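In order, the protein sequence lines correspond to chains E and H. Our numbering applies: residue 1 is where the first sequence begins, and numbers increase by one. Our numbering applies: residue 145 is where the second sequence begins, and numbers increase by one.
I should point out that these hints are in silico values taken from the structure, not numbers from a laboratory. These figures come from a predicted structure and were not determined experimentally. Please note that a few of the clues may not be correct.
Cross-link-like lysine to aspartate or glutamate pairs, in silico, EDC-like; alpha carbons within 20 Å at most [claimed, not checked]:
#, chain 1, residue 1, chain 2, residue 2
1, E, K133, E, D115
2, E, K139, H, D206
3, E, K133, H, D369
4, E, K144, E, D90
5, E, K60, H, D206
So you can see what is in the structure, the chains are spelled out below.
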Amino acid sequence: MNAPNRLVLFTLAIVLTLAGCATPRPAPTLYEQFGAEPGLAALVDDLLERFADDPRVGVKFANTNIPRFRRLFIEHLCQIMDGPCTYTGDRLEEAHRGLSIDEGTFNAVVEHLIDAMDAQRIPTRAQNRLIAKLAAMRKDVIYK
Amino acid sequence: MTTPISLLRTVALLAACVSVMPDVALADRGRLLATGGATQLEGAAGGGLVPWAVLSGYATRDGYGATAYATRVEVDDYALDSGGVAFTARNRIEVSIARQRFHLGTLGDALGMPGATISQDIVGAKLRLAGDAIYTPWPQLSLGVQHKKNRDFGVPSAVGARDDHGTDVYLAATKVFLGGAGGYNLLVNGTLRSTEANQLGILGFGGDRGGRRVVGEASVAVLVDPSLAFGVEYRQKPDHLAFAREDAFRDVFVAWFPNKHLAAVAAWADLGSVATLDDQRGWYLSLQASL
Chain E
1 MNAPNRLVLF TLAIVLTLAG CATPRPAPTL YEQFGAEPGL AALVDDLLER FADDPRVGVK
61 FANTNIPRFR RLFIEHLCQI MDGPCTYTGD RLEEAHRGLS IDEGTFNAVV EHLIDAMDAQ
121 RIPTRAQNRL IAKLAAMRKD VIYK
Chain H
145 MTTPISLLRT VALLAACVSV MPDVALADRG RLLATGGATQ LEGAAGGGLV PWAVLSGYAT
205 RDGYGATAYA TRVEVDDYAL DSGGVAFTAR NRIEVSIARQ RFHLGTLGDA LGMPGATISQ
265 DIVGAKLRLA GDAIYTPWPQ LSLGVQHKKN RDFGVPSAVG ARDDHGTDVY LAATKVFLGG
325 AGGYNLLVNG TLRSTEANQL GILGFGGDRG GRRVVGEASV AVLVDPSLAF GVEYRQKPDH
385 LAFAREDAFR DVFVAWFPNK HLAAVAAWAD LGSVATLDDQ RGWYLSLQAS L
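So that you can see chain E by itself, here it is in the shape it has in the complex:
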């Protein structure tokens, strides 16, 4: 077999192996991987600072009660990570009504989230699991 064929097969093997061994053993829950309540609080505090430093995002918080937002945001993340919390805030669609969050602003928030998760040393694969959950909610957030 020639070299490029071997390379193609080798790469495919890696791809398939990665795809196949998603849960080799009882993995920690996403909530645990994010450091439970203290980890989520640190992540959200880091993220809020990044929002405040980005005018495009910060302007959307002009009329927001920040301590309340912080508490509900942590609650929401905890719930979607299957942690021991119940989100008590408004439905996302209601919470974002009138904010006119466009695609670019939504993605700016995603980028800040990735930077904050990197800063909090959340492993890439755990980051991707959270982003996958949040991505499904985009339709309830943008252009409301």
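Following the hints, complete the assembly by docking chain H onto the known chain E.
Relative to the frame of chain E, chain H by itself:
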């Protein structure tokens, strides 16, 4: 064999363009890193060989984006330069122009035409029909055309090509599965192309063994982090000239997106048999600049 000086010169020019207009008011960089892909051989956003459903650059539905690229492929007996620009409006339509220059290399020497090249111009358009590669549960779906005009039709005509121009039409579906490869993000693309082109059109269009046919193309990539992807590509091709067999193209690539202004792709490519010379393998290097 020629050196990649022209590639370097082109990239230097692209870099200069980008550095003098980093904040063009029109340029929208609202999409996520790497979602504009790289630029494939014929100037459309994609992998290296295959056009994807994603549109070039980083514009969302609210803005405009532009990219420029330069690519060189150097295999055992030939080399191919490709370069061009693309413009995307509102993440809906991409228009592109590109030029390819194929260096006949060993074959040119054998034909008594040392240093000979065959050039081709390509005008492309791609319409996003539906979906978002990341955010919708269904794939991003785009319909594209690539109109090609061979500028040096002497050799293609002599080996049996019917036309010096032709139009490819393709349908591409691209989906990013977040965490889909054992926790890492997985990109899958499938493209169906209707084409008459012999060796991309470098050897003209149609031949003594047929005209238009539908071919399949595919790409699979794993993003080990948001800026680095490893993948493979496969591109089926027609085989319509009796004088020489035409094989599928394939490659193994690494793509790097250090920021939203630059993308670099390096690949090991296997172009198969090209114009009677078998086992054409070598490297592929592509750079893309985005506004």
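Comparing the hints with the structure gives:
no. : hint            : in the structure
1   : K133/E - D115/E : holds (17 Å)
2   : K139/E - D206/H : holds (16 Å)
3   : K133/E - D369/H : holds (18 Å)
4   : K144/E - D90/E  : holds (14 Å)
5   : K60/E - D206/H  : holds (18 Å)
Taken one by one, the earlier hints all hold for this structure without exception.
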